[in-house]
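Since the structure of chain A is provided, determine the placement of chain B on it from the hints.
2 protein chains.
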Amino acid sequence: MKENSLIKNKAILELLDKYQPIWSLNHLITLANWDIRTYMPEEGIEARGNALAEAAKLSQTLFLKEDFISLIEKAGKEKDLNDHENAILRILKRGLKFYQRLPRDFIEEYTKATNDAHLAWKSAKEESNFKTFEPHLEKIVELTRKKAKYLGYEKHPYDALLDEYEEGLTTEEVEGYFNSIKKPIAELINYIKKSGNYGSEHALEKIKYDEDKMKELTKAILNLIHYNMNHLRIDTSSHPFSTNIGKGDHRITTRFEGKDFARSYSGTIHEYGHALYDIQSHEDLHYTPIGGGSSLVIHESQSRFWENFVGKSEAFISLLYNEIIKANDEYKNYSPREIYNYMNLVKPSLIRMEADEVTYHLHVLIRFEIEKELIEGKIKVKDLPKIWNDKYEQYLGIRPENDQEGVLQDIHWSDGSIGYFPTYSIGTALSAIWKIHLENEIGRIDDLAKSKDGIGKIQKWLKEKIHRHGSTYIFRDIVKKMTGEEFSSRHLIEYLEEKYKRLY
Amino acid sequence: MKENSLIKNKAILELLDKYQPIWSLNHLITLANWDIRTYMPEEGIEARGNALAEAAKLSQTLFLKEDFISLIEKAGKEKDLNDHENAILRILKRGLKFYQRLPRDFIEEYTKATNDAHLAWKSAKEESNFKTFEPHLEKIVELTRKKAKYLGYEKHPYDALLDEYEEGLTTEEVEGYFNSIKKPIAELINYIKKSGNYGSEHALEKIKYDEDKMKELTKAILNLIHYNMNHLRIDTSSHPFSTNIGKGDHRITTRFEGKDFARSYSGTIHEYGHALYDIQSHEDLHYTPIGGGSSLVIHESQSRFWENFVGKSEAFISLLYNEIIKANDEYKNYSPREIYNYMNLVKPSLIRMEADEVTYHLHVLIRFEIEKELIEGKIKVKDLPKIWNDKYEQYLGIRPENDQEGVLQDIHWSDGSIGYFPTYSIGTALSAIWKIHLENEIGRIDDLAKSKDGIGKIQKWLKEKIHRHGSTYIFRDIVKKMTGEEFSSRHLIEYLEEKYKRLY
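The listed protein sequences derive, respectively, from chains A and B.
Position 169 of the first sequence, counted from 1, bears residue number 169 in this note's numbering, the numbering being contiguous throughout.
Position 27 of the second sequence, counted from 1, bears residue number 531 in this note's numbering, the numbering being contiguous throughout.
Think of the hints as simulated: they come from the structure by calculation, not from any bench.
Bear in mind that the values here come from a model prediction, so they are computed numbers and not experimental data.
Glycine included, C-beta positions come from ideal geometry on N, C-alpha and C.
Please note that the accuracy of each hint is not assured.
Stated by the list, open to error - Anything over 10 Å on all C-beta distances counts as not near chain B; from chain A, calculated:
(1) 67
(2) 81
(3) 103
(4) 209
(5) 398
As the list claims (entries may be wrong) - With a cut-off of at most 30 Å between alpha-carbon atoms, the simulated DSSO-like pairs for lysine-lysine come out as follows:
(6) A:215 with B:717
(7) B:514 with B:616
(8) A:2 with A:97
(9) B:561 with A:10
(10) B:561 with A:93
(11) B:569 with A:208
(12) A:10 with B:616
(13) A:378 with A:259
(14) B:723 with A:208
(15) B:1003 with B:984
(16) A:18 with B:522
(17) B:719 with A:219
(18) A:74 with B:569
(19) A:465 with A:499
So that you can see chain A by itself, here it is in the shape it has in the complex (with noise of 0.2 Å):
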């Protein structure tokens, strides 16, 4: 790598030469994995997961070469690095250490499983059937549970999982933060019960949209709120996701269910805050283990923040009023005010993607409980259709009618991805925090959403505190440097109490 900007350590650099092909074997996964989600014709799923396990092998075959390892020592030895240097060497020796405590063997072995798990997953939930998913998923608890303990932890094997996600989270903090929103959040569901409108429906939630006239409002928004098409495309999927392939390679994914457009309108501005924050990470950080953002939780940040603060923000449903028309005749007949009354409804529902930003806490948390007792080995698997159910009724007060909207809804679990949900909200208070130091700096979102100027100083403010950092920092480091507070949950609270006190 040539010195740039932003690195100019020889032994950083020196690194970094040696570390290409690694970023190129990710390159090359990452794509492979969008392709698996996207275009890949169903019966090629046996080939891509033995490819994807013999490049994960071949990654860690790399990072465990005696010429790399001791160039992240030689490097170790630098004094003066500074942020970006350090993070550098930071996110490598996190990277070796996972591929010298991981054996080679167990690393092709969980590939292999998360492969197979995530198609059986597909036909299960099409057919709402956990017990074809069942197996797959013992096997990647079981998988999992070793992993943590390859992995090595201090308190709780769940530590060891939250670790991979976000970068020194444990187990005791996520049970704190969650314990300093439960008692506010049910005040404020209760609040809202009073009121009287708590879970009533919309009318929109009810009307048929068709699928093309949906993607051109899709393409609309990004039109609309993105700055370069030429960087940024959207596909449909199951399961909406963001990648980040490389350099001027992004893409978003979006779903149509043919009713109720704010799912597929609020998952595509989810997905492209996500995207966004790999847009415009440094481009000298490219090629780099620090380019794009890394740390879940500040991507979750950014991912909600536009969900949430632009995305059902009166004003930007105005901006595009004309678009969203265009979409469905029958749209006409409802203000924008009506629109972002719809967008905005408070109510207990089976689904974590489609939950208000009220009660969506409750299914993560739902989420982290499960997966802490199966980690712990005191819930079993092929109990959890039932555990699911009942925690849904405790917490939300409504219970699934079948696997498909009960256990069988999230992806992660057969990707492997256990330890991961807690950083949604985590993430989602965070975006809280940006929220309000954005509107001290640079004025309310509520009337920047008005226009694609406005918009722009949003992207702006954010690329500057946040996005082309890359993920320099973790989650409390950023903040800390940026605001000057310590992350908590208040300023969610507070976001949260003032939004919907005013609604209901």
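Chain B only, in chain A's frame:
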């Protein structure tokens, strides 16, 4: 690798085991190349180019590992290898030779140059401006001449390039082949000219179509012609191609020009012919270097077989007729017979991919002559537009009016594929040999193409004689083994004379 029905030798199995990371890289690289031409956001090309260059170096590193080389040597001492085992060894030795002779830096430079050139070609073609592509092509010709030197050759540097695409093919042989067809084709064209109908246009050429409806026809073609759409997908790209990503994952592309639907139709069926060869390769050859077709002459004999003998037959057009007329109301005014006439019109044209079966070979000849002289250094890249146009005037009696319909029309040179074109014509000659023998054994294609069942019989025959062997045999050997004949252009000429003297 586990012992299977075709591969039993322990040394070969051991070798294949070590080959798996290379296989996996090939898989990921093939996908990444498909993506460049189909869905990659424009600005992703830099990162993709770097990733592919790194992956090529990585592949070379794996090939040149001492333990891999010694396994190849060990397997080379085995006696009683069967044809498949021998072919695996032969192809790995070829790969090894390639990597031993081409320096690492050269491969990297070459990969990057072709990635850049591909993009430059794309926009140069759009703008019909050879000048912007010229420096890229100069670089590619320079690198290709270097490549020929590195790879080595006995008589002619172009031999080294031909060998890359068709093992053992020489410049002398290609010249001999073209000499054998030049005169009879010129005579056939003269015959057609005397009929007074040479070069006449058909009204169907002018009829514009709706792209979405034509996409539906494309799907209908594949649904009719193929037996399983869970391992085959079709997309759109500016230059149609077929790619074999792995077991159960086959992809073709087509293009839509908005009129003259035979182009899109023929392109789809042509690429399908390629895909079927890979699809019907024996499943125990997957994950080996001979899984799927690799000989380009055999490959082209399959694509041209389906395009010319099945796709352009009156029987198949009749079978598909109801779908054809769904694509455009105006098509209803033409009977299957008239569509057949339209699809089999002989006329001088500027675009190789749209050429009829008779003049097609002259398009290839022009490219062969140009490539040979470029490699010999007798002509210069900057003079290509004029040379190209002069040759079209000389051989076909027409002159391109711009670079887009002239020297910029093909993707090949931008990809560094110099030495590839001759396989198109030779492969077509081979397709005529298959035709004769298939018809002697199971009946006339004009009868078989009348029904899905008959098409199934054609697929089965091709599988048995050709496809199942993957790339076990080089084209001269497979034709000898399966038909008892030596390869020649005799059947091609007989077929063309019979068909076109009947039509004109």
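(request) Check each numbered hint from earlier against the structure, then list the numbers of those it violates in ascending order. (result) 7, 11, 13
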